Structures are given as structure tokens and as C-alpha cells.
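Line order of the protein sequences matches chains P and G. With the first letter of the first sequence counted as 1, position 69 gets the number 69 in the working numbering; the numbers rise by one all the way through. To convert, count from 1 in the second sequence and add 1000; that's the working numbering.
The set of hints was computed from the structure by calculation and includes no laboratory data. Treat the hints loosely; a few may be bogus.
[What the hints assert, rightly or not] In silico lysine-lysine, BS3-like type, Cα no more than 25 Å apart, as pairs:
no., chain 1, residue 1, chain 2, residue 2
1, P, K54, G, K1312
2, P, K92, G, K1255
3, G, K1385, P, K80
4, P, K116, P, K47
5, G, K1255, P, K85
Just so we're clear, the structure is a prediction, and the values are computed from it rather than from any experiment.
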Amino acid sequence: MTTSFRMSGRLIRAALTALALAASGAALADGAVICNSGLTIASGDVKDVYTGEKQMAGSTRIVPVDNSAAQADFLSKVLKMEAGKYQTAWTKKSFRDGLSAPAVKSSDAEVIEFVKKTPGAVGYVSSGTPAGVTVVERF
Amino acid sequence: MSLDPAGRLHRRLISVTIAALFAAAPLARADDAQRIDALEKKLEQTLRQVQQLSNELRELRSQKAAPAAAAVPAAPAAGAAQAEKIEHLQQQVDQLTAGLATRGNEDQGLPIHGFADVGWQANTNQQHLALAGSNNTGTRGFQIASLDFYLNPQLGDRVKTLAELIFEVNRDQGVVGTDLERLQMGYTVNNDLTVWLGRFHTPYGYWNTAFHHGAQIQTSIYRPQFLDFEDSGGILPAHTVGLWANGGTRVGPGKVTYDLYVGNGPKISGATATGANATASLDPNLRGNDTHSMESGANLGYEFRGALDGLKLGGHFLRRANVHDDLANFNRTDLNVLGAYGVYITDDWEVMTEFYNFHNVDKSGTTGSHASWAYYGQIGRPIGKFTPYARWERTRLDQADNYFAYLETGQSYMRSLAGLRYDLTPRVALKIELGHFNATDRQTYSSNEARTQFAIRF
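Given the sequences, and given the hints that come with them, work out the whole structure.
Below you can see the structure in the form of C-alpha cells.
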């Protein structure tokens, strides 16, 4: 009897832990990297796109945009960079290779609108699964 | 089971009626007239009661029905108003979003980027002050160094341009001069290849293309002296006018990078004498090549990823046949440079080293071939906003080689320095540096140096 109570207690704790982890996981994976529906890029390419290493996808020029509403999360979770380092990396890239840093949009809605309309566009949003674009990865 | 008020009234009405009927039965056995009168009175009373109860029942029913009837039409009305308001707000948000997105696509002009730096310096040897080079502007005290602008308009999906214009204080006259540092137009063939035409930073080694005039993005105040610009007394062509192909491709866990270029090679201008009296500098031949020999070179590197992220190793060569000076009986020298470099740049460390080996050949005289070399090593350790750093530079340039003998800064030297950089913001840096310089062959002297620099980027 005592053993079965212990077993039940453990099962309940395990279930609660699993629920808590699932909830925190869901919270961590709220953001999404999105791209224009006509573009195909892999999640492994996202860092290259946002550091100027990958500029073309086939014959399409990739146009990354930043989202000031979600940039801190995106940089820390996806690029694993601080904002200052990100700026400096783009200054060096721009100075050496003549590339321009991604334009900065101010909200999810603005990013979604731009990505929908612009061939080759890649962006990221803080939450949700926007319609009319392709979700590349969640973060 | 419970009844509502209307139900209870209905039961009372039925009970009163039945009771009245039962009450009328015993009276029939009394006096007929009296009984009839009494019955009529009771009946009238009962009928009044029935009428009263019926009225009450009707009233209650109407009261119960009224709120429901009122509520039913009111709900859709309020919902419709709310839906209309939401739709209106949605329209406003859509219009705002569309407007912002459209504005983003409009031509908003061309952003100008750039660098600027000012500072102060001192050293202990007058001889050292006379030495050329941006490491030594020939004066003590405060100075403005350079204001550098660059533009990089993207002209379509594949065509891009890079233009860089610099204003800097001329070392000899102390006046502000202008130089079109770069004007290059590129076509991106694919991720692995971009072809440029124009004037570009010659892609030898690492430093020359990574930092160039960007004082704010380099940790130290100045470049290593032997990598200085041509007009500041450099011994290598820091710029080339020609054709440049560069790119990189994933190989294994990292990336192979490459540069291939051809262009007008440099000549030596202002040659009058050799040794301590040398005054010449490299002329990059902006207007066109002065001989049939082109400068050519390549740079091959490998950028590591994963555990070794930040590490890049590479090698390069540069060749230009018949570099000549402007003496009446000009000297001609084949310039051959072979080099290697390694950099390790992470959030915690900055380690850079480059080695250059010269194997120049005298083509007009009989001095044969000459071996020279130069290298530097620099280490920095970012700690928050501070980066302490140190560098060691050394050259051994053969003074019998006409290429070095006529150049004002063609002498061999050693320099060690230590500095501290403080990043006020990601775009603003303050640097303080102490160094020790030794001239080791053409002249022999030493000098202590102190410098500060305030460098920005925008």
C-alpha cells in the first residue's frame, strides 16, 4: 500500500515536471523565423543569412530584415550574439564586402507584411504562426 | 420540483373554482331563494376572484415575457456595434502596417557610413619624428587623423558598389588631403563568387582588408607600420586598381575563403637617394599601368566553425614584375611576396599574426635576388568594455634591394607596444598606447612612444 502511494506520488511529480517543462519549452519557442513563401532556406542557413555569409538562394537575392520588437530574443537564441557584437560584425561586413545591414522593422505586423510582399525576404516575429509566409524555424 | 409565480397562481385559481363548486352543493338543500341569492353572491365573488387572479396571471406572464423580449433584440445590436468597432480598428492597423511596409520599400536615400579619429601623441626621439608613416605623423601633440566616408549602394539583386572617400591630414604639408580610397563595382554571381572592378583594398593577409581605415574597428591605434598605406610610407601596395574575384564556400565544418586579383602594379615615386636619405613612396598607378606587367595575387583561407569558431588560417601571394622607380636610369625589381596569417577572434580573445616573406629580384642591375621578411603578432583580451592588448612587430628588409632601399620607410625596425582600449559605446572607442621603437639597419636609434586615440564609427 505504502509503495503504491509512493509510486503514485512519483508519477504525479513526474507528470507535473513534464507539464512544467512543456510549458517552459513552449514559452521559449514563441518566436519564429519566417521567409517569403517563394523562398526556400534551411534553418541551418539562418545564421549565415543574418551575418551576410549567404546572400543568394538560387537566383533570388535574400533580403533579411530585423525586427526591433524581437531582436534581443532572436540574437541571443538564434545567432547567440549580443546586439553590440551584431552591429560591429555588420560594420566589418559592410566595410569589407559592400553589404548593407538588414533594415530594421518595428513590429511583428510590419515584418510579416514586408516578408509577404518581398521576394527573398527573411524576417522573424516574436510569437504566433503568421499566415501567408513560410516558417523556417522557431526560437 | 418548484413552480414559478405564474404556475402557483394558476393552481390557486383552479383550487378556488373547485372549492366554490363544492361549497354550492349543501346550499341547494336550504331555502331556494335565499340559497340562490347566496349562491349568486358567492359565485360573483368567486368570479371576481377568478377575474382578479386571471389578471394577475396575465400581468405576471407579460412581465416575464417582457425582459426576454427586450433582451433578444438588444444583444445582436450591441454585438454588431462591437464587431463594427473591431473591424474599424483592424482596418486602421492594416492601413498603418501597409503604409509602413510601403515606406520601407521606398527609396529613402543612401546611408553614409564612416570612421573618424582624433588623438594625441608624443615620443622621445627627434629622428623618429622625421620617419614617415601614419604611425608617426612627424609632430608631437594633438592631431586630427582622418575622416572616412563609405557608401555601399545595392543596385539591383546582384550589382553592388562600394565607394570610400577619405579626408586626412597630409604628413608633409600638414594640410587636409582627399583620397578616393576605394571605388569598386561588384557583381554577385552566386554565394561563392563576387567579381569586383575598380580600386579596392589589396586582399593580402588579413589586416589590410579587415580594418584598413576603420580605426574604430581595429583594437589598436594604428596598423603595423610595414602594413601602412602607400601614401603613409607603406612597403606594400595597400590598394589595387583592377579586377578582383572573391568568395567562399562551405568545406567540412568550416568555410574556405579565396581572393584572386589582377591589376595595375605599383611604382616607386620620388626616388632620389637610398638609405637614410631615401624619400620615395609607392605610387598605386591609379590612372593606368605603367608597364606591361600586371600585379597579381591570391589569398586562400579557412574559417573554422564549431569548437574552433573564430579561428582563421590562410596563406597568400602577391607578384608584380618590373616595379620601377622614377630615376633617369630607373631600377626595375620583380616584387614577390609570400605570406601566411592566423587570427583567432572571439568574445574573449583577439589573437592575430601575419608573416610576409619577400623574394625580390633585381631585373635591371646585377644584385640578384634579395630575401626580406616582416611579421607582427597582436593579442588582446576583451574584459567587459576594456581590452588590454599588446603587439610585437619586426621587419628585416634587405637594404641592397632597390625596392626597399629607395622607399622612405624601407628600413628594418622592431616595435613593441601595449595598450588599453575602452569602448564607451559599441561605436566609440578610447585607446591609450605606450610603445618602444628600434630602427635596426639604415639608421639605428630607439624611441619611446605614447599615444591616445578617440575613434568613432557611424
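Status of each hint after checking the structure:
{"no.": "1", "hint": "K54/P / K1312/G", "verdict": "holds, 18 Å"}
{"no.": "2", "hint": "K92/P / K1255/G", "verdict": "holds, 18 Å"}
{"no.": "3", "hint": "K1385/G / K80/P", "verdict": "holds, 19 Å"}
{"no.": "4", "hint": "K116/P / K47/P", "verdict": "holds, 21 Å"}
{"no.": "5", "hint": "K1255/G / K85/P", "verdict": "holds, 21 Å"}
Going down the numbered hints, you'll see the structure goes against none, and every one checks out.
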